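Take the given structure of chain A and dock chain B to it, following the hints.
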Amino acid sequence: MEDFLYFFSFQDSSIAFIVLGITILGIGSAYVGTFSFLDNKALLGDAISHSVLPGICLGFLLAGEKNPYYIVGGAIVSGSAATFLTSWLKSNTKLSEDSIIATVLSTFFGLGIVLLTVIQKTGNPEMAGLNQFIFGNAIGILEEDLWVYGGLSLIIILSLSLLMKEFSLLVFNQEFGRAIGYPMDFIRLVFNILMILSVVIGIQAIGVVLMAALLITPGAAARFWTDRLSTLLILAGLFAVISGITGTYISFVLPKMPTGPWVVVCLSFLALISFLFAPKKGILFRYISRRKYLRKTHRDHVLKSLFKATEEGKKGLNKNELLSLYPHHKKETLGSISYLLKHNQLNNIQGLIELSESGRTEAKRIVRLHRLWESYLNEYMNIAPDHVHDSAEKLEHLITPELEELLDNRLRYPKLDPHQENIPRDHDDI
Amino acid sequence: MIKQVENPLLEIHDLTVSYDQSPVLWNIDFSLPEGKLIGILGPNGAGKSTLIKAIMGLVEPTGGYVKIFNKDLDQVRNRISYVPQRESVDWNFPASVLDVVMMGTYGRLGLFKRPGKKEKDLAFSSLEKVGMTAFAKRQISELSGGQQQRVFIARALAQEADLYLMDEPFAGVDMATETAIFQLLQEMTKEGKTVIVVHHDIHSAMTYFEWIIMLNLHLVASGPKSDVVNEDLLRKTYGGKLNLLTKVTEIIRQQEFNPLKN
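So the sequence lines, in the order shown, correspond to chains A and B. Count along the first sequence from 1, then add 305; that gives the number in the working numbering. Count along the second sequence from 1, then add 10; that gives the number in the working numbering.
Looking at chain A on its own, in the form it has when it is part of the complex:
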């Protein structure tokens, strides 16, 4: 608790600085990453982030110490080399994009690990900090580093805001952009540079192995909540910032803990919540709406059975007769009956369940839709009368009043369905 207060009250100015750095870093990478996620190029971010490792090592070898300019410079060079190699291989060989990315990623990362081992053998006392670039350590960021990483993040955020409409065009409809004379290849190049920079800003805080997660996961998680680009970008930025600060806090409390994995754990947790609970697209929401729909269809079936009973001259059915119609759905049937009784669509008259006025209208509607659809299938799609029932059993719950009108029009308000059963209408009873 003491740690928590110390960390979040920002009384330590270096912590305040680091949190600020993580915040703009998170926004910047989530911003770029969301576009690349929408562009279905999520893997490219992973390839770039693994590929910056040899550059980091070379930068270290050249400077002889952990100098942020050399390291960032090296990372940019090897990230660019990997990006260029990927697109060159794509246009000059017949290899698929994912195999190219997998090859480039592992080659560069392997090379990076070899260099790292070489550096460790030299016994340079500065090299201890180099391991941090693999899984990241936000607390290890010095003020000098912050200026570099923070400055780059700001450049990314500004460029993206300035070129928002161009990048949207690039992702949504590149050909159209070319047709109106925009330099789409140049815009793609700028976007790739921003991708590389957004990986580079995270190497110290998050580490090269997991940086791709900070690029892609925020956008992917935010996509569950919204269909608007502006909201999507804001949400993605928010997810990245929350995870970034959480990861940093854990590295602060447990100094041996790398930051990157905790950022990713936190991000994955947010993604899981989005996947489960987001309205409309979350699986819980979809599960509930499906259950609701199934309950409604079962109620429709109960109403339909009662209507058919009246067609046979009965006034209604008792509970056991109804239950025996749906032998495997006892619970649902009982639920439907009590729901319909409560909503005054059914009356229970001394144990005999009968349709009420409104229940009868509703039941008629369902039977009518069922039989209209059967007629349509039979007449317009040439489907035999004994093959039309199953489809009608599903469509009767879906056909809208407009469609009903259209069906009636097409079929010229038929009186009988293909089984020679009456198609019930509201004015029949009068």
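In case anyone wonders, no lab produced these hints; they're calculated from the structure. Model, not experiment: these values are computed from the prediction. Honestly, I wouldn't trust all of these hints.
Cut-off 20 Å, straight-line C-alpha distance, at most; resulting in silico cross-link-like pairs (DMTMM-like, lysine to aspartate or glutamate) [claimed, not checked]:
| id | chain 1 | residue 1 | chain 2 | residue 2 |
| --- | --- | --- | --- | --- |
| 1 | A | 470 | B | 39 |
| 2 | A | 586 | B | 152 |
| 3 | A | 399 | B | 30 |
| 4 | A | 585 | B | 152 |
| 5 | B | 139 | B | 100 |
| 6 | A | 470 | B | 131 |
| 7 | B | 147 | A | 726 |
| 8 | A | 395 | B | 152 |
| 9 | B | 128 | A | 532 |
| 10 | B | 127 | A | 490 |
| 11 | B | 123 | A | 532 |
| 12 | B | 46 | B | 237 |
| 13 | B | 130 | A | 471 |
| 14 | A | 586 | B | 100 |
| 15 | A | 395 | B | 131 |
| 16 | A | 346 | B | 260 |
| 17 | A | 470 | B | 100 |
| 18 | A | 395 | B | 260 |
| 19 | A | 399 | B | 260 |
| 20 | A | 399 | B | 100 |
| 21 | B | 123 | A | 471 |
Which residues of chain B face chain A? A few of them, derived with a C-beta cut under 7 Å, are [stated by the list, open to error]:
| id | residue |
| --- | --- |
| 22 | 23 |
| 23 | 68 |
| 24 | 69 |
| 25 | 87 |
| 26 | 99 |
| 27 | 101 |
| 28 | 103 |
| 29 | 104 |
| 30 | 116 |
| 31 | 117 |
| 32 | 156 |
By construction, the Cβ of each residue, glycine as well, lies at the ideal position given by its N, Cα and C atoms.
Using the frame of chain A, we list chain B on its own:
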């Protein structure tokens, strides 16, 4: 039957286009008059879309050239509007109908500038012409195929061009929408605009187009409807792939390099 015109709006000279070094268009050479509703007809794989893309500079020709308004494409881009095939974009992209129509104003707006009130008004009036005003705020992922197509046409209208090139704007569109769009296109040509449409249905083509281009890897015909629509030319266009041409393409494809490249 290829009818050349004086002072053409569009002139295509000996155009040859290849994909992965297989030629898909052979020596296309025709010219088009101004202010007409023009249809490009041909079977699947005849190179109709490729022709439009070559006119728009989206594919690099292996030979020949295109002149529009007697100028190079880059000098007159602002006067040309292009409607790509509906399936060529990802409709799950998070954008509203208005956002997409607004893209039609980007050409004049130029890089870096953000669209303002003027662009928004233009987008709205374009939406009105295709009867989609009520959908302005709707997400594009929620639209039906016909509505998506109308959004694309509205975007083209927002370009305020003189020449319109439309790639299969009637694919996946219901009858009522097709009629409405054709009427809109006819009104546009009455105002002096030229509309070139890649189309697959011969029957509606006969009703609406004034000038017809028939294509099957090579140019079969180009001229006023009454001159080019006859059984002989239709058979040449739709009567299966040209056996010899396909064999030549096969030989070219099997080379390790592109033998047609200059």
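Against the structure, the hints:
| no. | hint | result |
| --- | --- | --- |
| 1 | A:470 to B:39 | violated, 37 Å |
| 2 | A:586 to B:152 | holds, 13 Å |
| 3 | A:399 to B:30 | holds, 11 Å |
| 4 | A:585 to B:152 | holds, 13 Å |
| 5 | B:139 to B:100 | violated, 24 Å |
| 6 | A:470 to B:131 | holds, 18 Å |
| 7 | B:147 to A:726 | violated, 46 Å |
| 8 | A:395 to B:152 | violated, 34 Å |
| 9 | B:128 to A:532 | violated, 25 Å |
| 10 | B:127 to A:490 | violated, 29 Å |
| 11 | B:123 to A:532 | violated, 24 Å |
| 12 | B:46 to B:237 | holds, 15 Å |
| 13 | B:130 to A:471 | holds, 17 Å |
| 14 | A:586 to B:100 | holds, 18 Å |
| 15 | A:395 to B:131 | violated, 42 Å |
| 16 | A:346 to B:260 | violated, 34 Å |
| 17 | A:470 to B:100 | holds, 16 Å |
| 18 | A:395 to B:260 | violated, 24 Å |
| 19 | A:399 to B:260 | holds, 18 Å |
| 20 | A:399 to B:100 | violated, 24 Å |
| 21 | B:123 to A:471 | holds, 10 Å |
| 22 | 23 | violated, 21 Å |
| 23 | 68 | holds, 6 Å |
| 24 | 69 | violated, 10 Å |
| 25 | 87 | holds, 4 Å |
| 26 | 99 | holds, 5 Å |
| 27 | 101 | violated, 9 Å |
| 28 | 103 | holds, 5 Å |
| 29 | 104 | holds, 5 Å |
| 30 | 116 | holds, 6 Å |
| 31 | 117 | holds, 4 Å |
| 32 | 156 | violated, 16 Å |
In terms of the numbered hints stated before, the structure departs from hints 1, 5, 7, 8, 9, 10, 11, 15, 16, 18, 20, 22, 24, 27, 32, listed from lowest to highest.
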